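Student: Sequence:
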Amino acid sequence: MENEDQKDPSQIDPARIDQDSPPNLGEESNEPDKLEEGDALELLDPEPRRKTIGERFRNLIAPIYIKIILSLISIFLLGWFALSLCSSPNQKLAKMNYVIAIDPTWYPLDLKSKERNMTAFSEILLKEIGRMGDIKIHIRQLSRNRLFPEFEKKNVDGVLSVLLPPLFAHERPYIVSAPFYRLGLVLVVGAKNTVESLAEMKDKVVGLVGNARTELNINLYPDVYFFGYREASQAIVDLSNKKIDGVIMDSLAAKSYSQGFYAGKISIVKTPLSSEGISLILHNTEDSKKFLSLFDSKLEELRSNGEFARLLSVWQLSEEY
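Just so we're on the same page, the working numbering is the position in the sequence shown counted from 1, plus 46.
By construction, these hints were calculated from the structure, which means they are not laboratory data.
Below 20 Å or equal to it, Euclidean Cα-Cα: the simulated DMTMM-like pairs (lysine to aspartate or glutamate) are: (1) K316 with E242; (2) K182 with E169; (3) K248 with D284; (4) K199 with E332; (5) K141 with D342; (6) K182 with E332; (7) K336 with E174; (8) K173 with E347; (9) K336 with E346; (10) K173 with D333; (11) K182 with D333; (12) K301 with E161; (13) K160 with E277; (14) K141 with E198; (15) K301 with E366; (16) K182 with E346; (17) K344 with D333; (18) K344 with D180; (19) K344 with E169; (20) K311 with E277; (21) K173 with E353; (22) K238 with D249; (23) K141 with E174; (24) K248 with D291; (25) K200 with D333; (26) K200 with E332; (27) K316 with E366; (28) K158 with E277; (29) K316 with D291; (30) K250 with D269; (31) K250 with D284; (32) K199 with D333; (33) K160 with E366; (34) K141 with D333; (35) K316 with E261; (36) K289 with E277; (37) K288 with E242.
Restraint ranges, calculated between C-beta atoms of paired labels, are given here: (38) K158 with S339: 32 to 38 Å; (39) V222 with K316: 21 to 27 Å; (40) R192 with N143: 16 to 22 Å.
These figures come from a predicted structure and were not determined experimentally. Glycine included, C-beta positions come from ideal geometry on N, C-alpha and C.
Required output: the full structure, derived from the provided sequences and hints.
Tutor: Given below as C-alpha coordinates:
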(Lines of atoms letter the chains of each structure in order from A; the text may use other names.)
(Lines give C-alpha, C1' and ligand atoms only; values in the text may rest on other atoms or scores of the structure.)
Protein backbone atom coordinates (compact mmCIF):
# COMPACT_ATOMS: atom_id res chain seq x y z
CA MET A 47 0.00 0.00 0.00
CA GLU A 48 1.39 3.29 -1.07
CA ASN A 49 2.10 5.99 1.47
CA GLU A 50 -0.48 8.71 1.21
CA ASP A 51 2.06 11.32 2.20
CA GLN A 52 4.13 10.69 -0.88
CA LYS A 53 3.24 12.83 -3.84
CA ASP A 54 3.87 12.40 -7.46
CA PRO A 55 6.73 14.70 -8.44
CA SER A 56 4.82 15.66 -11.53
CA GLN A 57 2.04 17.02 -9.33
CA ILE A 58 4.25 19.32 -7.20
CA ASP A 59 3.73 23.02 -7.81
CA PRO A 60 7.14 24.63 -8.51
CA ALA A 61 5.98 27.92 -6.98
CA ARG A 62 5.52 26.22 -3.61
CA ILE A 63 8.89 24.50 -3.45
CA ASP A 64 10.27 27.01 -0.92
CA GLN A 65 7.22 26.73 1.27
CA ASP A 66 6.90 22.96 1.10
CA SER A 67 10.67 22.35 1.37
CA PRO A 68 12.13 24.78 3.92
CA PRO A 69 15.87 24.59 4.45
CA ASN A 70 16.90 21.94 6.95
CA LEU A 71 18.56 24.15 9.60
CA GLY A 72 18.51 21.67 12.39
CA GLU A 73 20.34 18.81 10.78
CA GLU A 74 24.12 18.54 10.86
CA SER A 75 26.08 17.65 7.80
CA ASN A 76 29.17 15.49 7.84
CA GLU A 77 30.44 17.01 4.64
CA PRO A 78 32.64 20.13 4.87
CA ASP A 79 31.30 23.30 3.43
CA LYS A 80 32.62 24.25 0.05
CA LEU A 81 33.83 27.86 -0.20
CA GLU A 82 33.12 29.92 -3.18
CA GLU A 83 35.42 32.74 -4.28
CA GLY A 84 34.78 35.77 -2.10
CA ASP A 85 33.52 33.77 0.85
CA ALA A 86 36.92 34.06 2.62
CA LEU A 87 35.97 37.46 4.00
CA GLU A 88 33.23 35.82 6.01
CA LEU A 89 35.85 33.78 7.88
CA LEU A 90 37.38 36.84 9.52
CA ASP A 91 36.97 36.96 13.26
CA PRO A 92 34.03 39.29 13.88
CA GLU A 93 35.44 40.12 17.34
CA PRO A 94 38.86 41.95 17.19
CA ARG A 95 41.72 40.53 19.29
CA ARG A 96 42.07 42.32 22.60
CA LYS A 97 45.34 44.31 22.96
CA THR A 98 47.78 43.37 25.68
CA ILE A 99 48.71 45.76 28.49
CA GLY A 100 52.15 46.31 26.90
CA GLU A 101 50.60 47.25 23.57
CA ARG A 102 48.18 49.65 25.24
CA PHE A 103 51.07 51.25 27.19
CA ARG A 104 53.16 51.70 24.03
CA ASN A 105 50.22 53.26 22.20
CA LEU A 106 49.71 55.58 25.15
CA ILE A 107 53.28 56.86 25.48
CA ALA A 108 54.15 57.01 21.75
CA PRO A 109 52.55 60.47 21.29
CA ILE A 110 54.39 61.66 24.43
CA TYR A 111 57.75 60.58 22.98
CA ILE A 112 56.98 62.39 19.75
CA LYS A 113 56.06 65.56 21.65
CA ILE A 114 59.27 65.40 23.70
CA ILE A 115 61.43 64.93 20.60
CA LEU A 116 59.71 67.79 18.78
CA SER A 117 60.12 70.02 21.85
CA LEU A 118 63.84 69.26 22.06
CA ILE A 119 64.28 70.02 18.37
CA SER A 120 62.42 73.32 18.78
CA ILE A 121 64.54 74.29 21.80
CA PHE A 122 67.74 73.47 19.89
CA LEU A 123 66.70 75.53 16.87
CA LEU A 124 65.67 78.49 19.02
CA GLY A 125 68.96 78.33 20.92
CA TRP A 126 70.97 78.17 17.72
CA PHE A 127 69.07 81.13 16.29
CA ALA A 128 69.58 83.17 19.45
CA LEU A 129 73.29 82.32 19.50
CA SER A 130 73.60 83.39 15.87
CA LEU A 131 72.03 86.72 16.68
CA CYS A 132 74.27 87.23 19.69
CA SER A 133 77.41 86.39 17.73
CA SER A 134 76.56 88.80 14.94
CA PRO A 135 78.63 92.02 15.10
CA ASN A 136 75.57 93.99 14.05
CA GLN A 137 73.79 92.89 17.23
CA LYS A 138 76.74 93.35 19.56
CA LEU A 139 78.28 96.62 18.42
CA ALA A 140 76.59 99.93 19.08
CA LYS A 141 78.45 101.55 16.17
CA MET A 142 78.84 100.39 12.60
CA ASN A 143 81.58 102.86 11.60
CA TYR A 144 84.98 103.19 13.25
CA VAL A 145 87.75 105.68 12.51
CA ILE A 146 91.28 104.40 13.13
CA ALA A 147 94.26 106.77 13.01
CA ILE A 148 97.78 105.84 11.92
CA ASP A 149 101.07 107.68 11.66
CA PRO A 150 102.34 106.98 8.11
CA THR A 151 105.97 107.36 9.26
CA TRP A 152 105.50 104.50 11.77
CA TYR A 153 107.85 106.17 14.21
CA PRO A 154 110.04 104.83 15.81
CA LEU A 155 110.22 101.81 13.49
CA ASP A 156 112.99 101.61 10.90
CA LEU A 157 111.15 100.18 7.89
CA LYS A 158 113.93 100.77 5.35
CA SER A 159 111.87 103.08 3.10
CA LYS A 160 108.86 100.73 3.25
CA GLU A 161 106.67 103.01 5.32
CA ARG A 162 104.17 103.31 2.47
CA ASN A 163 104.11 99.54 2.11
CA MET A 164 103.25 99.14 5.79
CA THR A 165 100.55 101.81 5.51
CA ALA A 166 98.94 100.12 2.50
CA PHE A 167 99.17 96.71 4.14
CA SER A 168 97.55 98.01 7.33
CA GLU A 169 94.73 99.81 5.54
CA ILE A 170 93.85 96.76 3.44
CA LEU A 171 93.94 94.45 6.43
CA LEU A 172 91.80 96.76 8.57
CA LYS A 173 89.19 97.08 5.84
CA GLU A 174 89.15 93.30 5.40
CA ILE A 175 88.57 92.84 9.12
CA GLY A 176 85.71 95.32 8.87
CA ARG A 177 84.21 93.45 5.93
CA MET A 178 84.39 90.16 7.82
CA GLY A 179 82.65 91.75 10.81
CA ASP A 180 79.98 93.59 8.77
CA ILE A 181 81.25 96.99 9.89
CA LYS A 182 83.15 99.80 8.20
CA ILE A 183 86.63 100.83 9.30
CA HIS A 184 87.88 104.19 8.04
CA ILE A 185 91.58 105.10 8.07
CA ARG A 186 92.78 108.57 9.01
CA GLN A 187 96.46 109.45 8.60
CA LEU A 188 97.86 111.80 11.24
CA SER A 189 101.33 113.04 12.11
CA ARG A 190 102.90 111.46 15.16
CA ASN A 191 102.46 114.74 17.09
CA ARG A 192 98.69 114.70 16.49
CA LEU A 193 98.12 110.96 16.76
CA PHE A 194 97.38 110.64 20.47
CA PRO A 195 96.06 114.18 21.10
CA GLU A 196 93.30 113.51 18.54
CA PHE A 197 92.68 110.16 20.16
CA GLU A 198 92.41 111.65 23.65
CA LYS A 199 89.94 114.23 22.32
CA LYS A 200 87.92 111.28 20.96
CA ASN A 201 88.09 112.62 17.43
CA VAL A 202 89.08 109.09 16.39
CA ASP A 203 87.97 105.75 17.79
CA GLY A 204 91.37 104.14 17.85
CA VAL A 205 95.05 104.30 16.96
CA LEU A 206 97.21 101.73 15.21
CA SER A 207 100.76 102.21 16.43
CA VAL A 208 103.80 100.61 18.01
CA LEU A 209 103.65 103.37 20.65
CA LEU A 210 101.26 103.65 23.58
CA PRO A 211 99.42 106.77 24.73
CA PRO A 212 101.26 109.02 27.21
CA LEU A 213 100.97 107.90 30.81
CA PHE A 214 99.38 104.66 29.68
CA ALA A 215 100.76 102.86 32.71
CA HIS A 216 98.89 105.21 35.04
CA GLU A 217 95.49 103.62 34.41
CA ARG A 218 94.48 105.78 31.52
CA PRO A 219 91.15 104.73 29.98
CA TYR A 220 92.60 102.76 27.07
CA ILE A 221 92.60 99.13 25.98
CA VAL A 222 95.09 97.45 23.65
CA SER A 223 94.68 94.60 21.19
CA ALA A 224 96.96 91.66 20.60
CA PRO A 225 99.83 92.70 18.28
CA PHE A 226 98.51 93.55 14.84
CA TYR A 227 102.01 93.03 13.46
CA ARG A 228 104.41 91.24 15.79
CA LEU A 229 107.78 92.90 16.11
CA GLY A 230 109.39 92.34 19.46
CA LEU A 231 113.05 92.76 20.28
CA VAL A 232 115.61 90.26 19.03
CA LEU A 233 119.33 89.75 19.45
CA VAL A 234 121.46 90.00 16.31
CA VAL A 235 124.93 88.43 16.35
CA GLY A 236 127.64 87.45 13.90
CA ALA A 237 126.82 84.66 11.46
CA LYS A 238 129.19 82.21 13.18
CA ASN A 239 127.98 82.96 16.69
CA THR A 240 126.05 80.03 18.20
CA VAL A 241 124.50 81.70 21.26
CA GLU A 242 120.80 81.03 21.80
CA SER A 243 119.90 83.76 24.29
CA LEU A 244 121.03 87.10 25.65
CA ALA A 245 121.93 85.41 28.93
CA GLU A 246 124.80 83.68 27.13
CA MET A 247 126.40 87.03 26.22
CA LYS A 248 128.31 87.25 29.51
CA ASP A 249 131.12 89.83 29.43
CA LYS A 250 130.11 90.80 25.86
CA VAL A 251 129.28 94.24 24.47
CA VAL A 252 125.75 94.53 23.08
CA GLY A 253 124.30 97.56 21.30
CA LEU A 254 120.78 98.83 22.01
CA VAL A 255 118.87 100.41 19.12
CA GLY A 256 115.62 102.41 19.11
CA ASN A 257 112.97 101.40 21.62
CA ALA A 258 115.25 98.63 22.92
CA ARG A 259 116.90 101.27 25.08
CA THR A 260 113.67 101.76 27.03
CA GLU A 261 111.87 98.43 26.68
CA LEU A 262 114.64 96.04 27.67
CA ASN A 263 115.21 95.57 31.39
CA ILE A 264 119.00 95.55 31.38
CA ASN A 265 119.06 94.88 35.13
CA LEU A 266 118.23 91.27 34.29
CA TYR A 267 121.61 90.92 32.58
CA PRO A 268 124.23 92.32 34.99
CA ASP A 269 127.12 90.53 33.24
CA VAL A 270 126.42 92.09 29.81
CA TYR A 271 127.81 95.49 28.75
CA PHE A 272 125.21 97.57 26.94
CA PHE A 273 125.90 100.48 24.60
CA GLY A 274 123.21 102.73 23.11
CA TYR A 275 122.97 103.62 19.39
CA ARG A 276 120.90 106.27 17.71
CA GLU A 277 121.01 104.54 14.32
CA ALA A 278 120.57 100.84 13.68
CA SER A 279 122.77 101.04 10.60
CA GLN A 280 125.79 102.15 12.66
CA ALA A 281 125.22 99.37 15.17
CA ILE A 282 125.12 96.76 12.39
CA VAL A 283 128.33 98.18 10.87
CA ASP A 284 130.09 97.91 14.24
CA LEU A 285 128.79 94.34 14.64
CA SER A 286 130.04 93.42 11.18
CA ASN A 287 133.45 94.92 12.01
CA LYS A 288 133.47 93.02 15.34
CA LYS A 289 133.62 96.20 17.42
CA ILE A 290 130.64 94.89 19.39
CA ASP A 291 129.34 91.36 19.93
CA GLY A 292 125.63 91.85 19.35
CA VAL A 293 122.78 94.27 18.67
CA ILE A 294 119.28 94.33 20.14
CA MET A 295 116.64 95.81 17.82
CA ASP A 296 113.09 95.18 16.66
CA SER A 297 112.65 92.05 14.58
CA LEU A 298 111.45 93.93 11.49
CA ALA A 299 114.66 95.93 11.17
CA ALA A 300 116.75 92.88 12.03
CA LYS A 301 115.18 90.84 9.23
CA SER A 302 115.67 93.68 6.79
CA TYR A 303 119.41 93.78 7.52
CA SER A 304 119.84 90.00 7.56
CA GLN A 305 118.18 89.65 4.14
CA GLY A 306 119.95 92.60 2.51
CA PHE A 307 123.58 93.62 2.25
CA TYR A 308 124.50 91.74 5.43
CA ALA A 309 122.99 88.42 4.38
CA GLY A 310 125.33 85.66 5.51
CA LYS A 311 127.24 88.05 7.77
CA ILE A 312 124.78 88.34 10.64
CA SER A 313 122.11 86.09 12.13
CA ILE A 314 119.09 86.51 14.40
CA VAL A 315 118.87 84.58 17.66
CA LYS A 316 115.61 82.64 17.55
CA THR A 317 114.48 83.41 21.11
CA PRO A 318 112.69 86.81 21.05
CA LEU A 319 113.27 89.19 23.95
CA SER A 320 109.77 90.67 23.94
CA SER A 321 106.40 90.27 22.26
CA GLU A 322 105.68 93.88 21.33
CA GLY A 323 104.39 95.00 17.98
CA ILE A 324 101.99 97.30 16.19
CA SER A 325 98.72 97.19 18.14
CA LEU A 326 95.25 98.70 18.01
CA ILE A 327 94.53 101.09 20.90
CA LEU A 328 90.92 101.96 21.77
CA HIS A 329 89.01 103.90 24.41
CA ASN A 330 88.03 101.77 27.37
CA THR A 331 84.28 101.48 26.76
CA GLU A 332 81.94 98.49 26.59
CA ASP A 333 81.45 98.92 22.86
CA SER A 334 85.21 99.21 22.31
CA LYS A 335 85.73 95.96 24.21
CA LYS A 336 83.29 94.21 21.87
CA PHE A 337 84.98 95.76 18.85
CA LEU A 338 88.39 94.71 20.18
CA SER A 339 87.18 91.13 20.62
CA LEU A 340 85.91 91.14 17.04
CA PHE A 341 89.18 92.64 15.81
CA ASP A 342 91.36 90.04 17.54
CA SER A 343 89.25 87.10 16.37
CA LYS A 344 89.12 88.19 12.72
CA LEU A 345 92.84 88.99 12.72
CA GLU A 346 93.56 85.47 13.94
CA GLU A 347 91.35 84.08 11.16
CA LEU A 348 93.38 85.99 8.57
CA ARG A 349 96.58 84.57 10.01
CA SER A 350 95.16 81.04 10.01
CA ASN A 351 93.86 81.08 6.44
CA GLY A 352 97.11 82.52 5.02
CA GLU A 353 95.67 85.87 3.91
CA PHE A 354 97.87 87.77 6.37
CA ALA A 355 101.07 86.22 5.00
CA ARG A 356 99.86 86.73 1.42
CA LEU A 357 99.37 90.46 1.96
CA LEU A 358 102.80 90.73 3.57
CA SER A 359 104.28 89.16 0.45
CA VAL A 360 102.27 91.46 -1.86
CA TRP A 361 103.61 94.55 -0.08
CA GLN A 362 107.13 93.11 0.26
CA LEU A 363 107.16 93.19 4.04
CA SER A 364 109.01 90.75 6.25
CA GLU A 365 107.06 87.99 7.90
CA GLU A 366 106.35 88.29 11.60
CA TYR A 367 109.02 86.96 13.90
